[in-house]
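S.K.: Next come the chains, spelled out residue by residue.
There are 2 protein chains.
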Amino acid sequence: MVLCDIGNSYLHFYYNGRVWKVQAEKLERDEALLPLYYISVNQKKTRKLLESFPEAINLAPYMMLDTTYKGLGADRIAACRGISDGVIVDAGSAITVDIMQNDIHLGGYILPGLATFGKLYRAISPILGSDLNLAIELNAFPQNTRDAVSYGALKSILLMIESSAKNKKLYFTGGDGKFLARFFSGAVQDDSLVFKGMLKSIDTLNDRHKD
Amino acid sequence: MVLCDIGNSYLHFYYNGRVWKVQAEKLERDEALLPLYYISVNQKKTRKLLESFPEAINLAPYMMLDTTYKGLGADRIAACRGISDGVIVDAGSAITVDIMQNDIHLGGYILPGLATFGKLYRAISPILGSDLNLAIELNAFPQNTRDAVSYGALKSILLMIESSAKNKKLYFTGGDGKFLARFFSGAVQDDSLVFKGMLKSIDTLNDRHKD
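Respectively, the protein sequence lines represent chains A and B.
Take the first sequence: its letter number 131 is residue 137 in my numbering, and every next letter is one higher.
Take the second sequence: its letter number 87 is residue 93 in my numbering, and every next letter is one higher.
Simulated from the structure, these hints should not be mistaken for lab results.
Careful: at least some of the hints might be erroneous.
Some chain A residues well away from chain B (every beta-carbon gap over 12 Å; in silico) [to be verified]:
(1) Lys27
(2) Ala129
(3) Lys175
In silico DSBU-like cross-links for lysine-lysine, where the CA-CA straight-line distance does not exceed 35 Å [claimed, not checked]:
(4) B/Lys184 x A/Lys184
(5) B/Lys184 x A/Lys172
(6) B/Lys125 x A/Lys174
The beta-carbon is built from N, C-alpha and C at its ideal position, and this holds for glycine as well.
Based on the sequences and whatever the hints tell you, model everything.
M.R.: This is the structure:
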């Protein structure tokens, strides 16, 4: 049984604890990936998956989460189902932050991802459009343009996570999860958080079929 | 005597304490605006100004500031010259934050402007591309996508300003300066901060010509 988390940049696959990503354009049918269960936040990439795997099963209808949040993405629901208490930071092209307490979702917010910040600055002015310096010193004020934009992007992301974490445990996932986790002592980095939630939903699904 | 601060979005003019903005495309020659002194962070818009006002004088060479920052924009130098101590927040398509102490520039950083954040989210996914809700409640976790991106943009900007202000006085300028100033008690909002710095430089310039 293989799981697929369709994001805005990549399709992320999971099999037996192993996680890998594929570009939608490079996707090819492979019988070994069946049965295939997926969730998606991107319609176009979902169509690409279904072209190669028409029998893939959408888990979204089986993703239950105790929340008042309207329009929570299936990937965020899955990650939230992966834990009972704590703050989940899924850092990809967007950074989603969700707060869980006693299996209840208290809400969440969205920040631009690190790579997106870089694009953003370029959009304002070519002068600001250098790649971010992620080794930036965060305890001194920047002394050049590249450091000034890097400091703005990275420090604002870290301050937001810090302000919502308080004494809660932090769980990082997504492409930049490993990098961001380094800034928080005791933080957990888990690439399979979304998939753990998907596996729970498959149990729900199977239990139903037993009835 | 008229002053012009050429930004990435508009040309901002100053005459006798009055401030107004003009789009580069809509600029027309007007003898009443002479003599005209300018600073610029945008080459293309500078050319547009000089087509209509070839005799306009670039003040950049006369903008002196005690700093180790490399490549500080003329508008930021001008704003910094406008005060001796405090934190200057110039909130336009980009938000620049600069820290001054005893007439010395300690450094600064750059954040995306509020409008730019909106574009940024759209670039990640159309689902995220609604206009920001600037009336968002910042002390409760968001419960829908529009609030989630608005909270992410606005709160990260406010946390950054707060973290660099500490006990220093805050000076807000630029298009979103008035809006952001409301979040900080005792903050000063001054649309003519950049122009005050330009006026100081004109004194320097005139003193030289006296010699």
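S.K.: Please go over all the hints and tell whether each is borne out by the structure.
M.R.: Quick rundown of the hints versus the structure:
1. Lys27: Given a closest Cβ separation of 17 Å, the condition holds.
2. Ala129: violated (7 Å)
3. Lys175: Per Cβ check, A/Lys175 is outside 12 Å of chain B; nearest 17 Å; holds.
4. B/Lys184 x A/Lys184: violated (38 Å)
5. B/Lys184 x A/Lys172: holds (30 Å)
6. B/Lys125 x A/Lys174: Answer holds: B/Lys125 to A/Lys174 is near 32 Å, not above 35 Å.
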